[in-house]
Amino acid sequence: MASILIYLVIGLPWIGALLVWLAGDKRTTVQHILAILFSVASGIAAVALLFNTSSTTVINLDAGGVFGQFTFVADGLAVFLAVVATVIGSLAVIFSVDYMHGEKSLGRYYAMVLFFIGGMAGLVLTSNLLLMFFFWEITALCSYALIAFHNDDPKAVAGGIKALIITQLGGVGLLAGALLLFSQTGSYDFNRMIADPGIIDPRILSGMAFGCLVAAAAKSAQFPFQTWLPDAMEAPTPISALIHAATMVNAGVYLLARFFPAFKGVPGWTTAVILVGMISAILTAIMALVANDLKRVLAYSTVSQLGYMVFAIGCGGVYASQFHLFSHSIFKALLFLAAGAVIHSVGTRDMRQMGALGKQMPLTRFVFVIGSLALAGIPVLNGFWSKELVLEAGLQHGPIWAYAFMLLSAGLTAFYTFRMVYMVFYGKPSSEKHVHDAQPAMKVALIPLAAGALLSWLLAGPFSSLLHNSLPAHEIHAITTTEVLMEVLAAPATYIALAVVALGLIAWWQRQHLGGVAHAFRWLTAAAENSFGFEAVNAGIVRLTLGAAQKLRTTQTGLLNWNIAGLLIAFIAVILILVVRG
Amino acid sequence: MTAQTALTLLLAIPLGAAPVIYLAGRIALKTRVKSGGASARILAVLALLAAMVPLYYAAMHFTSTGPLTLDINRISLQMDGISLLVALTALILGLCVTFFSTKYMQNDEGEEKFFALLMIMIVGIIGLVCATDLFNLWVWFEVMAVSSYLLVAFYRSQPDALEAGVKYLVQSATGSVFILLGIALTFAQTGVLNLHEIRLAVSAGGNSPIILSASVLMLIGFGVKAALVPLHTWLPDAHSQAPSGISAMLSGIVIEAGLVALLRSTGAVIVSHTTWGYLIMAFGALNLLVGNLMALRQTQVKRMLAYSSVSQMGYILVGIGVAVYTLQPEGAAGGFFHVITHSLMKGAAFLAAGALLYALRMAHHNHEPLTVSDLDGASQRYPVTAFFLAVALLALGGLPPLAGFMSKWQIFVAGFQSGNSLAIALVIFAAINSVLSLGYYAPLVNRMYRHEPSDLVKEGKPISWVMVLPLVIMTVAIVALGIWPPLVRWLTTPAAMSLLAIFGG
Amino acid sequence: MTTIPYIDMLTVMIVFGIGLYTLLITRNLIKVVIALQILVKAGMIALVLAGRINGQVMTGQSIALTVIVADTIVAVIALALAVQVKKHHGTVDLDKLRNLKG
Chain A
1 MASILIYLVI GLPWIGALLV WLAGDKRTTV QHILAILFSV ASGIAAVALL FNTSSTTVIN
61 LDAGGVFGQF TFVADGLAVF LAVVATVIGS LAVIFSVDYM HGEKSLGRYY AMVLFFIGGM
121 AGLVLTSNLL LMFFFWEITA LCSYALIAFH NDDPKAVAGG IKALIITQLG GVGLLAGALL
181 LFSQTGSYDF NRMIADPGII DPRILSGMAF GCLVAAAAKS AQFPFQTWLP DAMEAPTPIS
241 ALIHAATMVN AGVYLLARFF PAFKGVPGWT TAVILVGMIS AILTAIMALV ANDLKRVLAY
301 STVSQLGYMV FAIGCGGVYA SQFHLFSHSI FKALLFLAAG AVIHSVGTRD MRQMGALGKQ
361 MPLTRFVFVI GSLALAGIPV LNGFWSKELV LEAGLQHGPI WAYAFMLLSA GLTAFYTFRM
421 VYMVFYGKPS SEKHVHDAQP AMKVALIPLA AGALLSWLLA GPFSSLLHNS LPAHEIHAIT
481 TTEVLMEVLA APATYIALAV VALGLIAWWQ RQHLGGVAHA FRWLTAAAEN SFGFEAVNAG
541 IVRLTLGAAQ KLRTTQTGLL NWNIAGLLIA FIAVILILVV RG
Chain B
1 MTAQTALTLL LAIPLGAAPV IYLAGRIALK TRVKSGGASA RILAVLALLA AMVPLYYAAM
61 HFTSTGPLTL DINRISLQMD GISLLVALTA LILGLCVTFF STKYMQNDEG EEKFFALLMI
121 MIVGIIGLVC ATDLFNLWVW FEVMAVSSYL LVAFYRSQPD ALEAGVKYLV QSATGSVFIL
181 LGIALTFAQT GVLNLHEIRL AVSAGGNSPI ILSASVLMLI GFGVKAALVP LHTWLPDAHS
241 QAPSGISAML SGIVIEAGLV ALLRSTGAVI VSHTTWGYLI MAFGALNLLV GNLMALRQTQ
301 VKRMLAYSSV SQMGYILVGI GVAVYTLQPE GAAGGFFHVI THSLMKGAAF LAAGALLYAL
361 RMAHHNHEPL TVSDLDGASQ RYPVTAFFLA VALLALGGLP PLAGFMSKWQ IFVAGFQSGN
421 SLAIALVIFA AINSVLSLGY YAPLVNRMYR HEPSDLVKEG KPISWVMVLP LVIMTVAIVA
481 LGIWPPLVRW LTTPAAMSLL AIFGG
Chain C
1 MTTIPYIDML TVMIVFGIGL YTLLITRNLI KVVIALQILV KAGMIALVLA GRINGQVMTG
61 QSIALTVIVA DTIVAVIALA LAVQVKKHHG TVDLDKLRNL KG
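Residue numbers (the numbering used here), protein chains in the order written: chain A, 1 to 582; chain B, 1 to 505; chain C, 1 to 102.
I should point out that these hints are in silico values taken from the structure, not numbers from a laboratory.
A few of these clues could be false.
Said to hold, decoys possible - Facing chain C, from chain A, some residues (calculated, C-beta under 8 Å):
| no. | residue |
| --- | --- |
| 1 | HIS434 |
| 2 | ALA549 |
| 3 | ARG553 |
| 4 | GLN556 |
| 5 | THR557 |
| 6 | GLY558 |
| 7 | LEU559 |
| 8 | LEU560 |
| 9 | ILE564 |
| 10 | LEU568 |
Note that the Cβ used here is the ideal one computed from N, Cα and C, for glycine as well.
If we strip away everything but chain A, and leave its shape as in the complex, we get:
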């Protein structure tokens, strides 16, 4: 049963992708319908898979030799993320019906989205590290193709290529990890290593651990690779919601969570994870304070929230991190899609040209505010519970200074969230343009997500038993929802965090009176506007590479004598090498 469902979850979107592409751009209605059908069908298969979880391998295809066994496992962590990918994928596809209405090359768009959904499901469902890398790169390919969907816009193309190159560069870490695993155990099945990390030489294990951390940081846009995600906002907004908020960027967090039992013993690894998460969370929260592009604010906020998840893993809170991932997928997809409705209607992403849109777009405002409250961590929305769990894990198991920084970013989160809501929906209108509220298909996508942001925390108990039952090595305790709630409510960390969040809100309320403080931190905001110099480093590396390439071109002189000289030079060089080496 489970094996058929896995084939369906991965295969249906891919078949759909092929069909949508074959349908051709002249039949747009057929394309819309096919895309919705296949993504929803895959979502249903994934939900059905929830009731068939186990920690045993359910598919095993022998590719032999260096390609190993192509294995798939439907354990709790995998199925949960597959559900997130396919269900939010379906909602994004439904949203696209209105959002992408009248766009050219719809076939390419839907084909890539469906290809992505299948690839993301495959990424989490496989237990073969080669296949994981395979799907990892497929998601990178789709992400690149969809960011650069508007190929005529040089910014979109640059953003796409940047995302591709940076995630691929990080992917080299995962590649090295997979190859090390294979050269040590003769198999790519990571479950064996997770069950008993002792089968691997500690030095090799350390190499794998840090390799995976690099790969995860690049994929999840964590420090120091965070620069690609804001530029990825050139993608159509449903793509930002699906790939760059709810699913693909979680792959890094998934990787760390998956391997946590194996890597936690590696000296310095957990500290490194905590540092990466903390720095990402705080840096991008500051950058979100000064950004004026609505989607960029959300992108920074995504990096910041992913930082929370990474931080939680570093502190040993795998359950907390995955629960936050769950909440975040819902509320951030909601925020992006609602922002998409706003952008679609207003025609700009600059928040300074918005304002007072709330009256004209009541439904969008309503769902956006729900998402924002969840993001800011206001009770009783889902973001509140999961963020409290993360902070509690940090207070219990992490260093206190890291906890302090995470608290600070919680306050900053509240601050920038309210700034964003105010700039978009309240305040003074900046144009007289008439805007319309979300269209029907958009509403179909927005309302379930809003309900999810309000209520998904009720699943805390079933979620914990899902992970507990099929992940023996992760030591996750099965607890009921009530226990989770009591734990959060009883923890002092909760009230500290709430106080900081409240401080953030108060700071926003009283922003006129805090001019002196703002003035004192002018250097910080200036640095944040320049992305703390990371963009300059990126640009420098690109310039250096291109410069080297240009210089090297002079070696191809086009002079025949020089070509012959190449022979002589190589001959002498090789002779010398052989003589010296003996």
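Following the hints, put chains B and C in place on chain A, whose structure we already have.
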């Protein structure tokens, strides 16, 4: 069909077809005013299809009983794993190229010569990889080289094609003399020419400066054809100026055949396989870096693809180098897998670029090179061809689910399995280079998917199905190998074993 | 093994050296073709010589004869290309034959 007959026919059919094609073309040209090439075209396709039959039998014999040998007078041939792999790749790619060229070269002056020379080139490749003695190796090599000189300079009225042809000829002929000297030294020292006997004599005789010089002379000589950096300088000129079908052949199989010749000849005369493995790996690293950096700033599509061949050769060298160093088959299997995938990917890329070049420029009797900006919005007018070019480019960049990913993966695994820290560092370097290569493949893909077509695309002629069909076949193969790599294990594993046999493992 | 004929070996080296040196310095395409010919002659002498050293004179000479055939074909093609170059570029100067670079 006996093994001997199969092997004989495999060589005889294309070789015999060459003069027939030429004569048929000439006669048709004399008797009819137009379409003189029609008979030549059809004959060429038929000859290659016919050659598939003996190859099938040869492959059957090989898989059931092992290497098959054939002795005709002083010519001695043996089909082992490497020969089978390269011969099959050459025939399939050759068939795709010939079919493609029936349209691409249609009514060009000297069309019948083109197909006749193409046949000779394919025979040269098959003979080259089957040769068992040093001098036969050189003769087949010259057959392949001479036909390729003429094919590169096929557009005799194009100044740039002539320039490329001359440079290619001189550099390659110089390399050829290096090989002759190497053969002379080996022959003088050992008194035998058979590769296996040379190997025995050398391992009995131990290290000597004469044999060392001979090995290096042959490395450099064959290295010219295999495009080892810094002997690669002919490649970007020749590959970019040749007719597109020939570019596909050169990149897809000729340089790989040169590498096989290099391995066969040097494998017999080297003493320390570890040093030699390091040397091949070092060339691999150089090829990767120089090829990628040079390709990064190219504006002409075919020249960019040519430099990309230099870097793709680097992956093959890394795989083979690891295998030679460790005497373990995995790296060689990966390297040979990459030979197959590269011939498909680069073949498809050159043919697709050729189809676009034909539709955008040559159909207007314009022989200027195709630049990357000419392809702006190509997908609007040529959705199928642009898609195939995009797939080929992304496969070259090593993205799944395409073949390049899997063959690179196998090479990388071998590097890590060797346990040698230099090899591991080289694999990481190769992986980073693979990312770097996306820096020139991806922008081209983006350009093709713009909505605003370039002026050339607006005025482009339609592309015939004859040019698209080979692309369909190659693309299907690229995707199939990307998803299920074991499909070609029956070819790569014996080839790897043969390589180890050459190096005495 | 007979005594090694040093004079002959020296001849090979000198002829090879002259050919290679010319290839490296000349800017004239015709001279390049001549230099290639000189280079190949060195190879042929070496092959004949190799046959003599190990007592297989026949083999060495028959190989050398085959090389002459192959080499003639290459020379013919090279000269034909040189003629075309002169026709379409108007010169056989290698310095002017540098359209393809970078």
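Cross-check of the supplied hints:
1. HIS434: violated, 55 Å
2. ALA549: violated, 11 Å
3. ARG553: ARG553 (chain A) check passes; min Cβ-Cβ to chain C is 4 Å, inside 8 Å.
4. GLN556: holds, 5 Å
5. THR557: Result: holds, 6 Å to nearest chain C Cβ.
6. GLY558: holds, 3 Å
7. LEU559: holds, 6 Å
8. LEU560: LEU560 (chain A) check passes; min Cβ-Cβ to chain C is 5 Å, inside 8 Å.
9. ILE564: holds, 5 Å
10. LEU568: holds, 7 Å
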